[in-house]
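Build the full structure now, drawing on both the sequences and the hints.
Read left to right, the sequence shown gives residues 239 to 290 (my numbering).
Among the clues, some could well be false.
To be verified - DSS-like, lysine-lysine: derived pairs with alpha carbons at most 27 Å apart: (1) 245 - 272; (2) 245 - 280; (3) 268 - 244; (4) 244 - 280; (5) 272 - 244; (6) 268 - 245; (7) 280 - 268.
Source of the hints: derived by calculation from the structure; they are not laboratory data.
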Amino acid sequence: MLLLMKKALDFEFQYFSLISGDDIPILSNKQREKYFENSYKKTVEFIGINQK
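Here you go:
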């Protein structure tokens, strides 16, 4: 997980979503993307990473 988070810092994403093999998405990719765009920094818990 930590390696994934470090690698994600190489790109300019506002957020990323980790979906494991145990998760079953109930929304399409488009619906999930729209949800995160609307919920970013409002109602969703995010893990912050310091880029030091």
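Hints versus structure:
| no. | hint | verdict |
| --- | --- | --- |
| 1 | 245 - 272 | 24 Å, holds |
| 2 | 245 - 280 | 25 Å, holds |
| 3 | 268 - 244 | 25 Å, holds |
| 4 | 244 - 280 | 24 Å, holds |
| 5 | 272 - 244 | 25 Å, holds |
| 6 | 268 - 245 | 23 Å, holds |
| 7 | 280 - 268 | 19 Å, holds |
In this structure, none of the earlier numbered hints is contradicted; all agree with it.
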